[in-house]
Amino acid sequence: MVVAQQQKSGAFQVLVGKIDDVLQYAIGDPMRYLANWGRLYSLWPVHLETACCSVEIGAAAGSRFDMERFGALEAFGSLRQCDLLIVMGTVTRKLAPRLKLVYDQMAEPKWVIAMGACSITGGLYFDSYNVLRGIDDVIPVDVYVPGCPPRAEAFLQGLVLLQEKIRRAPSLSGR
Amino acid sequence: MTLETEYMPDADRIMSVSLGPQHPGAGHFRIKLWLDGDYVVRAEPDAGYVHRGEEKMGEYRNYTQNVPHLERPVILDSSNILLPYALGVDELMSNKIPARAQYLRVIMSETNRIISHMYFLAIQGLFLGHTTLITWCMGDRDFWIDFAERIAGARVTFAYIIPGGVRNDIPSFAIDKGLKLCDWFDKRMDEYEKIFFQNPMVHQRSDGIGVLSREDAIAYGATGTVARASGLAVDVRKDEPYSSYDDFEFKTPVMTQGDVYARSYVALLDMREAVKIIRQALKRLPPGPVRLKLGPQPRVPAGEVYSRTEGARGEMSYYIVSDGSPRPYRLKIGVPSAKNLRVLPVLLKNVHIADIPPIYWGLNYWPVEADR
Amino acid sequence: MSNVQAPTSPPPSKPTSVAPQVATTPQAPPAKLEPVRAKAFAAQITSAFPDVKVDWMKERRLKVSTTPARIEEVGIFVRGTLGFDHISTVSGVDWIARNELEVVYFLGSSTPGQEDFIVALSEHVARDNPVVPTMVDVWKGVEYHERETHEMFGINFQGHPNQSHLFLPEDWNDLPPLRKDYVSPGR
Ligand code: SF4
Chain A
1 MVVAQQQKSG
11 AFQVLVGKID
21 DVLQYAIGDP
31 MRYLANWGRL
41 YSLWPVHLET
51 ACCSVEIGAA
61 AGSRFDMERF
71 GALEAFGSLR
81 QCDLLIVMGT
91 VTRKLAPRLK
101 LVYDQMAEPK
111 WVIAMGACSI
121 TGGLYFDSYN
131 VLRGIDDVIP
141 VDVYVPGCPP
151 RAEAFLQGLV
161 LLQEKIRRAP
171 SLSGR
Chain B
1001 MTLETEYMPD
1011 ADRIMSVSLG
1021 PQHPGAGHFR
1031 IKLWLDGDYV
1041 VRAEPDAGYV
1051 HRGEEKMGEY
1061 RNYTQNVPHL
1071 ERPVILDSSN
1081 ILLPYALGVD
1091 ELMSNKIPAR
1101 AQYLRVIMSE
1111 TNRIISHMYF
1121 LAIQGLFLGH
1131 TTLITWCMGD
1141 RDFWIDFAER
1151 IAGARVTFAY
1161 IIPGGVRNDI
1171 PSFAIDKGLK
1181 LCDWFDKRMD
1191 EYEKIFFQNP
1201 MVHQRSDGIG
1211 VLSREDAIAY
1221 GATGTVARAS
1231 GLAVDVRKDE
1241 PYSSYDDFEF
1251 KTPVMTQGDV
1261 YARSYVALLD
1271 MREAVKIIRQ
1281 ALKRLPPGPV
1291 RLKLGPQPRV
1301 PAGEVYSRTE
1311 GARGEMSYYI
1321 VSDGSPRPYR
1331 LKIGVPSAKN
1341 LRVLPVLLKN
1351 VHIADIPPIY
1361 WGLNYWPVEA
1371 DR
Chain C
2001 MSNVQAPTSP
2011 PPSKPTSVAP
2021 QVATTPQAPP
2031 AKLEPVRAKA
2041 FAAQITSAFP
2051 DVKVDWMKER
2061 RLKVSTTPAR
2071 IEEVGIFVRG
2081 TLGFDHISTV
2091 SGVDWIARNE
2101 LEVVYFLGSS
2111 TPGQEDFIVA
2121 LSEHVARDNP
2131 VVPTMVDVWK
2141 GVEYHERETH
2151 EMFGINFQGH
2161 PNQSHLFLPE
2171 DWNDLPPLRK
2181 DYVSPGR
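Residue numbers (my numbering), protein chains in the order written: chain A, 1 to 175; chain B, 1001 to 1372; chain C, 2001 to 2187.
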């Protein structure tokens, strides 16, 4: 093995690297861009309300703010088809294992928005005996939307930020 | 689980299913169902997914610091849950609330009643397969939120009603806007009635479903819209008028069918009365100050008080025990959702699976509120 | 207010020192209303059960306290004869200084004319072995309220159909959180 690898000349390796690069530029990048562009405007959120912030999601999905025009559906459908998990506020000790279960069941690629002070740090409930101080220990988070509750506009901005992140995703897998 | 087999008529045919907490028809709440084919044999609510220990937190904070976190459980109805707290603390401290503050408290809690009922009707429309109602209600609810935002400066969590009065005065332009909004909304509610409440499809889906008799409503301690839809005329605003509610003319809407339709319709009638009260209060707003200066750490004399008001969902009550220190010794929050929760297993018996969402939401049950 | 004691700090010498009514125009102090109805109800209860103690009376409120051994009889009397058939809520209080737990039932009424009245029926039980009878047979609606009081204070309601956790997580293995000697982890 070692001998065979050493026998490959430097010039050959450079050539392979060049072909790799060319293929990457010619096919890989457009493919990645196309795939992520397709994901970006068809985000399907899971319907997992966790606390009071879900009221502002209701408002954002309502007819004034209308989050469908940004390319995210109102939260319906099966968990298995969804690719966006919006954690709408406080996660308690009872809900945390279920949150993990929901996240694990979703198909890749998947993204998480942590909405509200509660899901970021525990917020107002920092000294409660039953509330997690932030959800980072349970699931990975892509976008944080601060506020208590965040206004519907703030949530929409978070959604747009997430789309920006997906557009710039470095790999074909969307992450 | 011995409990499950105890109730089962024929154990092989019964299937147990968990509805929620992740389910479009549930939301931070789980119902354990035992099904026989398409019929629900038995249901058991499993709450506590949003239990945040408000009552324990209340013992760590002083009477002023308690205001913001106490309104979070009922974010749809945030003024109505602060009002009994303020009334209780006022009673313990023997505060004399200025007349203008009393009126502003009424305006804010009635506005909140409309905001809460609009959300309720929106989701009820969704569960009954009536998409028009959800878009209309969610859109029109925002006008009332705008009105409340003009008064209090926040979208849903106002922290407006505080012990000793209200936080700030109403700006004069908000009064005109409010009166215009009342007039417009009166006409708008007629349209709601036409498109939703006189709709034969809605009648078919909700008439005679989930019937709660008057006797059961009393026995299980139902309150608010649920009790009033079953012919039980409970309304704390009428029974023990607080905050100058005896100045206004309004009725307590009562229906006798006790089904899902009645529970939705009572909400609409409630909103009509709320608009009436807001209009009267805005027109007759007395001049004067809006709050007493209590200092950052008010001393509350030792004593006990049980104060209650009528929130959008029903009777909100606080049991405050003070030992003379700056913090409450015990703060019990009695919320209507927790009171109505006992009704759910009664209603979910011998019903179709498809009727579960309207029955569940018809109770106007808000899990965050029940769990506290 | 005989049973309100300061367990941690003594009550302040001046009770209403910080309530300067800066903003108000001077108003006559509110006339103290005699709690006529509360007195009438209290008289009815104490004539039937002489050992029931009246804690406080207000215009629309009455609190009486009794022992766990007697509470069922008193409850049936309050519900049947006085007509308080609607449960408003149930609360527990931890009087750690006196080594006692208290359970309070707040009872409303659907009888015409007394809807505005609330009777608070309380019982005291030792903190070490808090066992009280359940009131589910008297008011069906207390079931979940008692379940909550059980998990929050560790009070055992004998005869209760189901005392599993309602709000706390299933695997909670600490002290009941609303007891005074339980300290929140964030504090
Ligand atoms: S951030 Fe505020 S509004 Fe959101 S869940 Fe927490 S307390 Fe509720």
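Rather than coming from a laboratory, the hints here were simulated on the basis of the structure. None of these values were measured; they are calculated from a predicted model. Certain hints may be false.
So, partial list: chain A residues that the calculated Cβ filter (under 10 angstroms) puts toward chain B [said to hold, decoys possible]:
{"id": "1", "residue": "W44"}
{"id": "2", "residue": "C53"}
{"id": "3", "residue": "E56"}
{"id": "4", "residue": "G62"}
{"id": "5", "residue": "K94"}
{"id": "6", "residue": "L95"}
{"id": "7", "residue": "R98"}
{"id": "8", "residue": "T121"}
{"id": "9", "residue": "D127"}
{"id": "10", "residue": "Y129"}
{"id": "11", "residue": "V131"}
{"id": "12", "residue": "V143"}
{"id": "13", "residue": "Y144"}
{"id": "14", "residue": "P146"}
Calculated pairs, BS3-like style, for lysine-lysine (alpha carbon to alpha carbon, straight line, at most 25 angstroms) [stated by the list, open to error]:
{"id": "15", "chain 1": "B", "residue 1": "K1251", "chain 2": "B", "residue 2": "K1238"}
{"id": "16", "chain 1": "B", "residue 1": "K1032", "chain 2": "B", "residue 2": "K1349"}
{"id": "17", "chain 1": "B", "residue 1": "K1032", "chain 2": "C", "residue 2": "K2039"}
{"id": "18", "chain 1": "B", "residue 1": "K1180", "chain 2": "B", "residue 2": "K1194"}
{"id": "19", "chain 1": "A", "residue 1": "K100", "chain 2": "A", "residue 2": "K110"}
{"id": "20", "chain 1": "B", "residue 1": "K1180", "chain 2": "B", "residue 2": "K1283"}
{"id": "21", "chain 1": "C", "residue 1": "K2140", "chain 2": "B", "residue 2": "K1349"}
{"id": "22", "chain 1": "B", "residue 1": "K1194", "chain 2": "B", "residue 2": "K1238"}
{"id": "23", "chain 1": "B", "residue 1": "K1180", "chain 2": "B", "residue 2": "K1096"}
{"id": "24", "chain 1": "B", "residue 1": "K1096", "chain 2": "B", "residue 2": "K1349"}
{"id": "25", "chain 1": "B", "residue 1": "K1177", "chain 2": "B", "residue 2": "K1276"}
{"id": "26", "chain 1": "C", "residue 1": "K2053", "chain 2": "B", "residue 2": "K1096"}
{"id": "27", "chain 1": "C", "residue 1": "K2058", "chain 2": "B", "residue 2": "K1238"}
{"id": "28", "chain 1": "B", "residue 1": "K1187", "chain 2": "B", "residue 2": "K1096"}
{"id": "29", "chain 1": "B", "residue 1": "K1032", "chain 2": "A", "residue 2": "K100"}
{"id": "30", "chain 1": "B", "residue 1": "K1238", "chain 2": "C", "residue 2": "K2039"}
{"id": "31", "chain 1": "B", "residue 1": "K1096", "chain 2": "B", "residue 2": "K1194"}
{"id": "32", "chain 1": "C", "residue 1": "K2053", "chain 2": "C", "residue 2": "K2039"}
Beta carbons: idealized from backbone N, C-alpha and C, even for Gly.
Checklist line | B/K1180 paired with B/K1096 [C-alpha distance capped at 25 angstroms] | finding: violated (32 angstroms)
Notebook entry, point to check: Within 25 angstroms, alpha carbon to alpha carbon, are B/K1194 and B/K1238?
Noted result: Not OK: B/K1194 and B/K1238 at ~29 angstroms, beyond 25 angstroms, violated.
Next item on the list: Would you check the hint for C/K2058 and B/K1238, treating anything up to 25 angstroms between C-alpha atoms as holding?
Entry: Since the Cα atoms of C/K2058 and B/K1238 sit roughly 19 angstroms apart, the hinted pair holds (cutoff 25 angstroms).
Next item on the list: Could you grab the alpha-carbon distance between B/K1096 and B/K1194 and see if it respects the 25 angstroms cut-off?
Entry: violated (45 angstroms)
Notebook entry, point to check: Given the hinted pair B/K1251 and B/K1238, is their alpha-carbon gap at most 25 angstroms?
Noted result: holds (9 angstroms)
Notebook entry, point to check: Close enough to count: is the Cβ of A/T121 nearer than 10 angstroms to one in chain B?
Noted result: This interface hint is violated because 14 angstroms lies over the 10 angstroms limit.
Check: Does the CB of A/W44 sit less than 10 angstroms away from some CB of chain B?
Finding: Constraint on A/W44 not satisfied, violated at 12 angstroms.
Margin query: Let's test the interface hint: is any C-beta of chain B closer than 10 angstroms to that of A/K94?
Written below: holds (5 angstroms)
Next item on the list: Would you check whether A/L95 satisfies its interface hint, that is, whether its CB is within less than 10 angstroms of any CB in chain B?
Entry: For A/L95, the interface hint holds, since the closest Cβ of chain B sits about 5 angstroms away, which is under 10 angstroms.
Next item on the list: Verify the interface restraint on A/D127: the C-beta must sit less than 10 angstroms from at least one C-beta of chain B.
Entry: holds (6 angstroms)
Margin query: A closest beta-carbon separation below 10 angstroms is what the hint needs, so does A/G62 meet it against chain B?
Written below: This hint holds: A/G62 lies near chain B, its Cβ roughly 3 angstroms from the closest one there, short of 10 angstroms.
Notebook entry, point to check: CA of B/K1032 to CA of A/K100, is that 25 angstroms or under?
Noted result: holds (20 angstroms)
Against the hints set out earlier in the document, violations occur for numbers 1, 8, 12, 13, 14, 17, 22, 23, 24, 26, 28, 31.
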